[in-house]
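Protein chains in written order, with the numbering used here: chain A, 333 to 509; chain B, 128 to 285.
Do not take every clue at face value.
[As the list claims (entries may be wrong)] Residues from chain B shown here face chain A by an in silico Cβ test under 7 Å; the list is partial:
1) 183
2) 186
3) 211
If you are wondering where the hints come from, they were derived from the structure by calculation, not from laboratory data. Quick caveat: nothing in here was measured; it's all calculated off a predicted structure. In this text, a Cβ means the ideal position worked out from N, Cα and C, and glycines have one as well.
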Amino acid sequence: MKSLRLLIPLAVFVVLVVFLWVGLSRDPREVPSPLIGKPAPVFTLPQLHEPGAKLSTADMKGQVWLLNVWASWCVSCRVEHPLLVELAKANVVPLIGLNYKDRNELGKAWLAQHGDPYRLSIVDADGRVGIDWGVYGVPETFVVDKQGIIRYKQIGPITTEALQQKILPLIRELQKA
Amino acid sequence: MMRTLPALLVAASLALSGPAFAQKDPALDARLKRLEEELRCLVCQNQSLADSNAPLAEDLRREVHGLAAQGKNDEEIKQFLVQRYGDFVLYKPPVKSTTWLLWAGPFLLLLGGGAIWIAVLRRRSRNVGTEEGEAPVDSDAAAAGVEKARALLDDPRA
Chain A
333 MKSLRLLIPL AVFVVLVVFL WVGLSRDPRE VPSPLIGKPA PVFTLPQLHE PGAKLSTADM
393 KGQVWLLNVW ASWCVSCRVE HPLLVELAKA NVVPLIGLNY KDRNELGKAW LAQHGDPYRL
453 SIVDADGRVG IDWGVYGVPE TFVVDKQGII RYKQIGPITT EALQQKILPL IRELQKA
Chain B
128 MMRTLPALLV AASLALSGPA FAQKDPALDA RLKRLEEELR CLVCQNQSLA DSNAPLAEDL
188 RREVHGLAAQ GKNDEEIKQF LVQRYGDFVL YKPPVKSTTW LLWAGPFLLL LGGGAIWIAV
248 LRRRSRNVGT EEGEAPVDSD AAAAGVEKAR ALLDDPRA
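Please put together the full structure from these sequences, using the hints given.
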């Protein structure tokens, strides 16, 4: 009985260590999006390469698609860009680019230089659609299902690991549904 | 000239800023400033929306001002941001099933600490209770000691 009581501080310590371990190993920059499982915010935006033409969320209904938020001023976009180019070559899923708070000519020059993996890019010059989608750190990537529900959000550059272990399996599963 | 230049500059800046001041609503500004201090900037997370110079914070301040101009109250403006960025934008998290431990935790710790404190006080007062002001005495050992002393004193060989 007495020895059990001596174990109490140890137990409290272990619980504290577990809480801190879990808490401190999380990345505070990754804020879970409240939009996952919810309908994608509606937009109608002009296309980067054809400013007269528009794309709206309704046009993408019935297929699984990716929305990748990018900008020519965004340094970490360069990190993920080769992966996006690879993904576009594999042609598994339509990739829509959201050119976020950028100037059209700079965006187009950037795509010309680094390659254009997007089926098309749309222009969110003042970042208002970005706010609706809860964008706070470019690049961000959303997986949207056939019903227009957001299923996954990648905050920061897409990594090979995230692509192979999370995004591609999810896309395959959603495409079957 | 050296004296008049600053005076001229002050006069010019007052003349330029006059109309801008007149258009502003100080009550609304104060209200939005208070509201923005309760909201977190997601880019530099330890700064409030009011303090941050990040471009996103600027956009969100513009959005907050726009919503206020539409007649939205503080709660509706907060909801607008929570729907997009989650509870994390609020420096004061709401009470719900996932946060009750956060809110109740300090009081639970206080209660637990109080209970332990009272238990320790009780035990101590029980031990001291026999003779006030004296250290607790093991009465059997004390009796044995007295017995031994008496035996030594009575010993004719001593």
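Tested hints:
1. 183: 6 Å, holds
2. 186: Because about 5 Å separates residue 186 of chain B from the closest Cβ in chain A, which is inside the 7 Å limit, the hint holds.
3. 211: 4 Å, holds
The earlier numbered hints are all upheld by this structure, with none contradicted.
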